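Sequences listed follow chains A and B, in order. All residue numbers for the first sequence refer to the working numbering, where the first residue is 7 and numbers rise by one. All residue numbers for the second sequence refer to the working numbering, where the first residue is 159 and numbers rise by one.
Please keep in mind that the hints were generated in silico from the structure rather than gathered at the bench. Among the hints, erroneous ones may be present.
Mimicking BS3-like on lysine-lysine, the simulated pairs with C-alpha atoms at most 25 Å apart in a straight line are [said to hold, decoys possible]: (1) K77/A to K21/A; (2) K21/A to K160/B; (3) K50/A to K68/A; (4) K84/A to K225/B; (5) K17/A to K225/B; (6) K17/A to K50/A; (7) K21/A to K84/A; (8) K21/A to K68/A; (9) K89/A to K225/B; (10) K17/A to K68/A; (11) K200/B to K50/A; (12) K68/A to K89/A; (13) K214/B to K89/A; (14) K89/A to K21/A; (15) K17/A to K84/A; (16) K200/B to K262/B; (17) K160/B to K262/B; (18) K68/A to K214/B; (19) K50/A to K21/A; (20) K89/A to K77/A; (21) K50/A to K89/A; (22) K225/B to K68/A; (23) K17/A to K214/B; (24) K262/B to K225/B; (25) K89/A to K17/A; (26) K262/B to K214/B; (27) K50/A to K225/B; (28) K160/B to K225/B; (29) K225/B to K214/B.
No experiment lies behind these values; they were computed from the predicted model shown.
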Amino acid sequence: EAGVAQSPRYKIIEKRQSVAFWCNPISGHATLYWYQQILGQGPKLLIQFQNNGVVDDSQLPKDRFSAERLKGVDSTLKIQPAKLEDSAVYLCASSSGQGGYFGPGTRLTVL
Amino acid sequence: QKEVEQNSGPLSVPEGAIASLNCTYSDRVSQSFFWYRQYSGKSPELIMSIYSNGDKEDGRFTAQLNKASQYVSLLIRDSQPSDSATYLCAVRWNSGNTPLVFGKGTRLSVIA
């Protein structure tokens, strides 16, 4: 069974630029999460989708972050404009009802 | 505010010893509990889940849950240097696909 796929793996941008991340969950998993993990901290939920509907986006900075999950499969997370404090690893996870399974993450550096 | 607390460590144990990792959570109605292992530079990997009070064993790992005291722990028997990693506790507050809330993790170092 293929795992969660994410791209790109690494991204370096300057502040005020925009960036997008892509995630393909495990086949059949209805739930998809985007987490932000800053070095030395646990993952922080940004947004949770159930199929193509949003379940929880209470911690998503909506003035600069957006996410969508068209057709209930792949998802994209966008940051526009980026700030220095957005430097982190962005993790996508999917779930069929129990624990979440993570992709390899995208390491974002904002200069 | 739903919170998951872990001692950040580092927790150092000698090879072959039992490593004990603890986690407390703030909400009594929490339903599901998970332990993840995260190696440096890698993404979290699910290693244990527990839903009922008591112990659950899987190989060298034992998860323990006490809902009345609101804590969950992970024991690693016969610790190996390859167990050196950060261990993240995650809690799901309700049934179904509600978000997983993570603690900050405990860094474990197994000394050969």
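The hints, checked one at a time:
1. Between the alpha carbons of K77/A and K21/A the distance comes to roughly 32 Å, so the proposed pair goes past 25 Å and is violated.
2. For the hint pairing K21/A with K160/B, the CA-to-CA distance comes to about 32 Å; that exceeds 25 Å, so the pair is violated.
3. In summary, the hint linking K50/A to K68/A is supported, as the alpha carbons are separated by about 15 Å, within the 25 Å threshold.
4. The straight-line distance between the Cα atoms of K84/A and K225/B is roughly 38 Å, outside the 25 Å bound, and the hint therefore fails.
5. Only pairs whose Cα atoms come within 25 Å are accepted, and K17/A paired with K225/B is rejected, the gap being roughly 42 Å.
6. For the proposed pair K17/A and K50/A, the alpha carbon gap of about 20 Å is at most 25 Å, so the pair holds.
7. The suggested pairing of K21/A with K84/A holds, with an alpha-carbon distance near 14 Å, which does not exceed 25 Å.
8. With a C-alpha separation of about 17 Å, the suggested pairing of K21/A with K68/A holds against the 25 Å cut-off.
9. For the suggested pair K89/A and K225/B, the alpha carbons sit about 40 Å apart, so the restraint of at most 25 Å is broken.
10. Note on K17/A and K68/A: the hinted pairing holds, with a Cα-Cα distance of about 21 Å set against a maximum of 25 Å.
11. Between K200/B and K50/A the CA atoms are separated by roughly 16 Å; this keeps the pair inside 25 Å, and the hint holds.
12. Proposed proximity of K68/A and K89/A is supported: the alpha carbons are some 14 Å apart, at most 25 Å.
13. Under the criterion of a C-alpha separation no larger than 25 Å, the hint pairing K214/B with K89/A is inconsistent with the structure, at around 43 Å.
14. A C-alpha spacing of about 5 Å is found between K89/A and K21/A, which places the hinted pair at or below 25 Å, so the restraint holds.
15. Of the supplied pair hints, the one linking K17/A and K84/A holds, its CA atoms being roughly 13 Å apart against a limit of 25 Å.
16. About 15 Å separates the Cα atoms of K200/B and K262/B, which keeps this hinted pair within 25 Å; it holds.
17. Distance hint between K160/B and K262/B is fulfilled; the C-alpha atoms sit about 14 Å from each other, no more than 25 Å.
18. The straight-line distance between the Cα atoms of K68/A and K214/B is roughly 40 Å, outside the 25 Å bound, and the hint therefore fails.
19. Distance hint between K50/A and K21/A is fulfilled; the C-alpha atoms sit about 22 Å from each other, no more than 25 Å.
20. Among the hinted pairs, K89/A with K77/A is inconsistent with the structure: their alpha-carbon atoms are about 30 Å apart, more than 25 Å.
21. In summary, the hint linking K50/A to K89/A is supported, as the alpha carbons are separated by about 17 Å, within the 25 Å threshold.
22. Annotation: proposed proximity of K225/B to K68/A is violated, straight-line Cα distance about 35 Å (limit 25 Å).
23. Proximity of K17/A to K214/B is assessed by CA-CA distance (about 40 Å); at most 25 Å being required, the pair is judged violated.
24. Proposed proximity of K262/B and K225/B is supported: the alpha carbons are some 20 Å apart, at most 25 Å.
25. Taking the CA atoms of K89/A and K17/A, the gap is about 14 Å. The hint holds against a cut of 25 Å.
26. Restraint check: the Cα-Cα separation between K262/B and K214/B comes to about 23 Å, which is no more than 25 Å; the hinted pair holds.
27. For the hint linking K50/A to K225/B, the alpha-carbon distance of about 24 Å falls within 25 Å, and the restraint holds.
28. For the proposed pair K160/B and K225/B, the alpha carbon gap of about 15 Å is at most 25 Å, so the pair holds.
29. Between K225/B and K214/B the alpha-carbon distance is near 14 Å, which keeps this suggested pair within the 25 Å criterion.
Checked against the numbered hints given earlier, the structure breaks hints 1, 2, 4, 5, 9, 13, 18, 20, 22, 23 and satisfies all the rest.
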